[in-house]
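Number of protein chains: 6
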Amino acid sequence: MKRIITLGEIMLRLSPPNRDKFLGSPSFQANYGGGEANVAVALANYGVETAFITKLPNNEIGDSAIKHLRSFGVNTRSIVRGGDRVGIYFLENGFSLRNSKVIYDRKDSAISTALVSDFEIESILKGWDILHLSGITLGISNNGFEISKAFIKKAKELGMEISFDFNYRSKLWSLEEAGKKIKEILEYVDIAFAGHLDFTNILGIVPKKPLEKVDIIGYYEDLYRKVSSKYNFKYIVSSIRDVRSASNNSYTGICFDGDKIYRSKTYEVDIIDRVGTGDAYTAGFLCGYAMGKDIDYTLNVATASSVLKHTISGDVTLMKIDEVEKLFENDSLDVQR
Amino acid sequence: MKRIITLGEIMLRLSPPNRDKFLGSPSFQANYGGGEANVAVALANYGVETAFITKLPNNEIGDSAIKHLRSFGVNTRSIVRGGDRVGIYFLENGFSLRNSKVIYDRKDSAISTALVSDFEIESILKGWDILHLSGITLGISNNGFEISKAFIKKAKELGMEISFDFNYRSKLWSLEEAGKKIKEILEYVDIAFAGHLDFTNILGIVPKKPLEKVDIIGYYEDLYRKVSSKYNFKYIVSSIRDVRSASNNSYTGICFDGDKIYRSKTYEVDIIDRVGTGDAYTAGFLCGYAMGKDIDYTLNVATASSVLKHTISGDVTLMKIDEVEKLFENDSLDVQR
Amino acid sequence: MKRIITLGEIMLRLSPPNRDKFLGSPSFQANYGGGEANVAVALANYGVETAFITKLPNNEIGDSAIKHLRSFGVNTRSIVRGGDRVGIYFLENGFSLRNSKVIYDRKDSAISTALVSDFEIESILKGWDILHLSGITLGISNNGFEISKAFIKKAKELGMEISFDFNYRSKLWSLEEAGKKIKEILEYVDIAFAGHLDFTNILGIVPKKPLEKVDIIGYYEDLYRKVSSKYNFKYIVSSIRDVRSASNNSYTGICFDGDKIYRSKTYEVDIIDRVGTGDAYTAGFLCGYAMGKDIDYTLNVATASSVLKHTISGDVTLMKIDEVEKLFENDSLDVQR
Amino acid sequence: MKRIITLGEIMLRLSPPNRDKFLGSPSFQANYGGGEANVAVALANYGVETAFITKLPNNEIGDSAIKHLRSFGVNTRSIVRGGDRVGIYFLENGFSLRNSKVIYDRKDSAISTALVSDFEIESILKGWDILHLSGITLGISNNGFEISKAFIKKAKELGMEISFDFNYRSKLWSLEEAGKKIKEILEYVDIAFAGHLDFTNILGIVPKKPLEKVDIIGYYEDLYRKVSSKYNFKYIVSSIRDVRSASNNSYTGICFDGDKIYRSKTYEVDIIDRVGTGDAYTAGFLCGYAMGKDIDYTLNVATASSVLKHTISGDVTLMKIDEVEKLFENDSLDVQR
Amino acid sequence: MKRIITLGEIMLRLSPPNRDKFLGSPSFQANYGGGEANVAVALANYGVETAFITKLPNNEIGDSAIKHLRSFGVNTRSIVRGGDRVGIYFLENGFSLRNSKVIYDRKDSAISTALVSDFEIESILKGWDILHLSGITLGISNNGFEISKAFIKKAKELGMEISFDFNYRSKLWSLEEAGKKIKEILEYVDIAFAGHLDFTNILGIVPKKPLEKVDIIGYYEDLYRKVSSKYNFKYIVSSIRDVRSASNNSYTGICFDGDKIYRSKTYEVDIIDRVGTGDAYTAGFLCGYAMGKDIDYTLNVATASSVLKHTISGDVTLMKIDEVEKLFENDSLDVQR
Amino acid sequence: MKRIITLGEIMLRLSPPNRDKFLGSPSFQANYGGGEANVAVALANYGVETAFITKLPNNEIGDSAIKHLRSFGVNTRSIVRGGDRVGIYFLENGFSLRNSKVIYDRKDSAISTALVSDFEIESILKGWDILHLSGITLGISNNGFEISKAFIKKAKELGMEISFDFNYRSKLWSLEEAGKKIKEILEYVDIAFAGHLDFTNILGIVPKKPLEKVDIIGYYEDLYRKVSSKYNFKYIVSSIRDVRSASNNSYTGICFDGDKIYRSKTYEVDIIDRVGTGDAYTAGFLCGYAMGKDIDYTLNVATASSVLKHTISGDVTLMKIDEVEKLFENDSLDVQR
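Chains as they are written, first to last, in numbering that gives the first Met the number 0: chain A, 0 to 336; chain B, 0 to 336; chain C, 0 to 336; chain D, 0 to 336; chain E, 0 to 336; chain F, 0 to 336.
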């Protein structure tokens, strides 16, 4: 089984309990999460060996982030300690026609002010097969971008594969800046996770016909072929989300292996926590890939992994791989006694 | 922008947490609310200057009610202190096929035993443009009725407008008593908030044809024209609620400007807290009116204000006006990052 | 009104709050429940005199189980104290596409290691009209089976009626063992609660045609007539559950009086707590029966009782009989004030 | 063993959690309690058969008060249902140099507006040996006083003993009114629980020398002999409390059997909940008396019962009699494993 | 009565509940506080008219800080909106031999990056009598220092008095930097709140003899006279804290009016929340001063105000002035009913 | 630094929140702990490399115990999965004069029914320097005893040192059985943790003179010399606890190196959680030993480690080594800002 190491920022997440609003909330639930950290945790839960690379300050908030990762079995030995603060994001969990809100307070976090020289990159990467990171790590700061590039290049030198999730965040950077920086690293990427808007808005690759509900597959196939003609990705992986309300979505997985397009079952799911569902999708796909499974299984695991994450509070999925498999194998949803 | 002062009772609301039932609940969530107080808070949140008039006892429960109002920026200087107790209502929050329940324990509250002479009415009202109150203030006691009348008459003398919400509560008074007393003050009212049953059951004004789903608008138009021929309201404002379950309703705003009938978009909403949704509707309407907006905007804000309140725990909405506007402008309901 | 005594195990139920998963939950909500105990509590809530027979250890966990029963007015004087432990079950409450999970930790509980000689059976049963128990009491251990048989036989001797719920639990015993033991007591049973799978899989009674959505009634009638030709039940009572998700089911009651088949209204219900809904159904039926009501009322109460239990946290219903009646009498589901 | 029935008011008690202050508390812990109800619960916990007489409204708050009593095994069959409301008291739990506060909202509760004719007094009292009540029941209203007198007189007719706790509450009535009414029933009392201030301030019985720390016993003996010369009490029972802070008191039991004065060990105790400690003292004394124990044991149980109640949240003690005995038998206070 | 306006930073305070440690805490209690904001809130509670000046970002965390201030009646109209973030501090509440810990995450908060030109200083200060601020506002950043100076100078021009609390925080700035900057504004100060270490370590003013328990007053008098010979303070106000453990301190107020030294009663207090006790002391003193009370009363109120704050969770006192007075008037600490 | 592996049982600990009693508690806090597991966690917190050996069932409760250990960095690779259940203990946390209570429900846990053949003992122990276990692992069952012996003997063969804590639990086994079994393994022990009662009651070694407060050291020295003459321990380590109340103890460390007796400072500590304080003591001692520190430092760390654990909720200490050092270095206990 392939071993996967991820690089990025892990933040303290503060959210009012019980779907309350921010205003005057007398307490916040504390979770720890971030795109790449969430992927590492999910992979560890699914039985894949995994590690997480970041920088965290030498205080109890930093300790707590590490405790979180370690509790799931994520290897935390490559985490550098230092810097001033753990990035924070505030999450207000929406419901029905009231949407969720995020306030970022992540500027000047330890990882976003870290230097390439903080990391012994070669010794950190040695022994791992896949390096995963996302556009967030590139976007948090120039330092983040430099560190990302250094890790990606060294990983390639060491013969590792690169998994990259576009993960565009408009509160972090503009489409222009994202486009410029992401293009610099895209040639190294083997597996690309991206929504169709990432291709059109960030890379400027536009299919002939606009997206229609009646021919989604046609639209994606056209888009994927255009992307593939430009970038040499092993897999392009997307998901189709229909946002019926802040607490009810439908979700479908879709991917392209350079040749053929694959599509998962579509699920309708009620939502306890929307955040991290994309990361659970990525982790599910990487899990199938790391285990050498076929693309059908892999896409199904990815989609079921994401769908189930919608029902779990916090940034990370707590499911095990057999529970994920049960969903796409259509087990009864009644209580088993 | 018009400045709005409201008059009524604010109660301590006690509800079991987590949609639990009353029986044996080991704790109660404490909120403060009441029809007119809720309207004042919502208006303050939406940026309208507002004050609340009531009487509250000189103890920490009374202090807490004032702290609640003040925290939203409602002017509380006209609140008279004295009397024996803060009225209480117990709320059991229903779910799906189990309906919500209310136990009133509001008899002999400070405001319901207050005297007209407790208030320096003229000095309280001076400087305000609109006086809002509801049938509840008339119905809590004879004293409440006398105080209401005194404020309404003085407000008219001072050139203020009167906004009145029928807000019929069968646990407070009979249809007969309500009819008799409401009719006494209706001639002073400029904006009337009322359901169709209020007109038929309390005022005895019945349209020619019965209410049918196929021609709701026709029914309301007929009803409104009959009412308008009798009372000189600037606006008659209603809402149409379809109670699919205790936690799922559909909701439409409807109003009449003496000439034409207007109707908002219809929303289907899952419910976290049903109480205070009518007050959020009223506040949304008064907000648009106070800001001098057109009737379409005003009705849309009112309806979206009410719909969003269904998703917020407690008696009052915590939304800001731009969040309300986003709903009827059809912004995506997905999390924004 | 008939007086009903039930026999079985009451367990400590531990469930993570807020639909959280087991993994790493920092607290568990503590409830007490078990099939027959839940029936006794529901009956007491509905106004039927009731008692519960079991054995519980002489410690505070045992005391707490008794406190729970006593708080609802269930007579607990026949509970024998002794043995080592209170059985425990862990419940993870599912949501949407994530199903609920149960971990049993009930082996060697006081009742499952009790002896027939622990109970003064005749003096316990005297004065009661109906003895109710379920397949769980037979299945927890050989001792449980022997105790059950002894109580059933003595009850019959005393002229009591026997109510029996199959309540098959695959984590307790195999279909074969269940079949063998249940058959030993079935001749004494007057009212049998069972799903169609209980008849086919445990008793081996199979209707001619397979179950189809289009002719459920036909299927059940055929099945019931076959069962009735073999066993002399006064009533056979089942429910039809359509599991759309872990938090949304549809539910219909169905029963057979040896002659005719009856069917209740079908309800669609969102779920707060799935556990104990079958017990609420049984209790509703026994309540109608104990009160001498007709079969239509009885089946309607049973179904509404179960449906409402889905919206209540914990093992037991907290509704009163008039609240149950309101549901099938189609009262408005809006808040009453 | 003697069987004890108590008469009084049971209230809903609302207290902010975690020693928080009232002001703005977002929740209240809900307990049920009242002097005589607390005595009944403690006696039931200690193994004495007991019942409670009151009137409670026919709503879920009334149901919850009954559920509370029933959960401890207190017989609730003599509770009359009706009236408007359950009395409420708000409790702010003090700490160190910040004292506890009580806000009463108990006016017009069901029992305080009940009529003598609401109760079938003779049939309620039949079969019980001791009637216990306190000055609170006399003081809540004139109706309360009339009901108390009717029960006391009938109890005496039936040969029962009367236990009476002065329990003076300055927020309920004046010393004058208390004196006038208490004197009317004192001739029927067999066991009187009272502080020295009750004798001096309410009955006007003053010892020769003022109270000094150096000769407390002398002071009390003088006081008791004077009281005994006027009233024919079997026992006069008091406690000496030294209030070092709101969360640390010392406590000593003291009593007089008409002949000799007895004194318990003095305990210093840190306080979790001060309320109901007097009731636990009374219950401990009545328990020893009901069991026919000697006065030394009885006074020790009473004092230990009260002291331990200080460490238990809520109005009532949750200890069992053997746990109480262990305290005055000087068992180790370390954890036993 | 004098009207007091304060200037400073208000932060979001995050603390694990129940005296838990930071590490892995699943939730944080959210409070809002900061030295000068706490003084404003306490003064408002004590009945003094007050306002708070700061800059807060235009998001819901900023809104919540304002809601907090407004709820107590603090005038918030001079708060400028803008900037990136609300400063945060994490508080771990110690117990017994485990001390409390603070992690500051306040860098680059809106007020610390604000400009003098953000504030219309003259119009903000007009109508107020006293400007209060502390060393924290000077120490958060150079911008904070410039803003402080600008406000102080303008206040003096307008004839206002300046109240200044040294409030040295070693995690904010060095003794050297503090000394340099504080000296720049000290000439404008009328009332100085400072510990003896502030005079010796920051200002370099050292009494002849070292501090001894036996002659604390002599030590302070010598110190105060030396300070007074150099600075023209109306009052120098200190407190003497003996830290017996993290949850038990003794506390004495001490002050100097340029002529005579005054000392309050000494209290021993158990601690629920140590933070903000100095601010409660300052507020108590300013309250007495604003009301024109004599120095004995003023020092007693200050000390009692601080002592009581130790028993209240959160940054601010919730006491009212009459409750504070009761403490130093030696009212009983037993519950009053 | 020496690396330490520990062997034993880890249980689910269920305790009512807020020092509530068991009876009727609506929730339990869930922790995981057990003597040897707690030692491993504390050592990991103090920076010592550590692992834990046990058997846990393959369910989410077992997973949660592993998550707990892993979160602190304890190596869990030697944990065997299988068996029926995780042992449970219920803890009622005492206060003041009410003592803490433990109910064990640990029979037939996975480790107590495990077989020697479940463990690849040699490969588990390889690479570790010290094996630590306690009398609890010997006492849980015969299987536990056999497994313990097998590990101890293999460890000795591999040249490891054995650390053994008597940890006598009267609810697990009798003094006789404990004596018989402990004596079988004592010859292999290098470091023995034991109270004086363990030596006298279990081993039957009695000093000449009885224990007196005036000459504790003399008593212990005599006892230790007698023990040393019989067993070849490198260190005998004890603690002296004076139980003033369930929430206040004094605590002193004492040890003997075969030659000289050492004694730590005595601390008086208020208690949040008494459980696991002995394990924190053991871990502190082993930490100093593993780091090669001198005996004075080691004993001081051990004592401070234990004392601080009294102030931390749960079975394990959350302190870091520098925080422990600060206590015995007499740092101020005031908040540091």
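Don't take every hint at face value.
You can't tell identical chains apart in this list, so a pair holds if it fits in one copy or across any two.
Here are the simulated lysine-lysine pairs, BS3-like style, with alpha carbons at most 25 Å apart [claimed, not checked]:
#	residue 1	residue 2
1	K264	K212
2	K100	K225
3	K325	K66
4	K225	K180
5	K325	K229
6	K170	K182
7	K325	K170
Just so you know, the hints here were simulated from the structure itself, not pulled from any lab data.
Report task. At 25 Å max between alpha carbons, let me know whether K264 reaches K212 within a copy, between copies, both or neither. Result -> both (16 Å within a copy, 24 Å between copies)
Query raised in the report: Is it within, between, both or neither when you check K325 against K66 at 25 Å Cα-Cα?
Result: between (30 Å within a copy, 23 Å between copies)
Requested in this report: Check K225 against K180 for me: Cα-Cα at most 25 Å, and say if that holds within a copy, between copies, both or neither.
Outcome: Close inside one copy (20 Å), not across copies (63 Å); limit 25 Å.
**Report entry** Identical-chain pair category, K325 with K170, by Cα at 25 Å
**Finding:** For K325 and K170, only the inter-copy Cα distance (18 Å) is at most 25 Å; the intra-copy one is 37 Å.
Query raised in the report: What label fits K325 with K229 when the C-alpha limit is 25 Å: within, between, both, or neither?
Result: neither (38 Å within a copy, 38 Å between copies)
Query raised in the report: Is it within, between, both or neither when you check K170 against K182 at 25 Å Cα-Cα?
Result: Close inside one copy (20 Å), not across copies (43 Å); limit 25 Å.
Report task. Evaluate K100 and K225 at a C-alpha cut-off of 25 Å and name the case that applies: within, between, both or neither. Result -> Intra 34 Å, inter 46 Å, cutoff 25 Å: neither.
When each numbered hint is compared with the structure, violations occur for hints 2 and 5.
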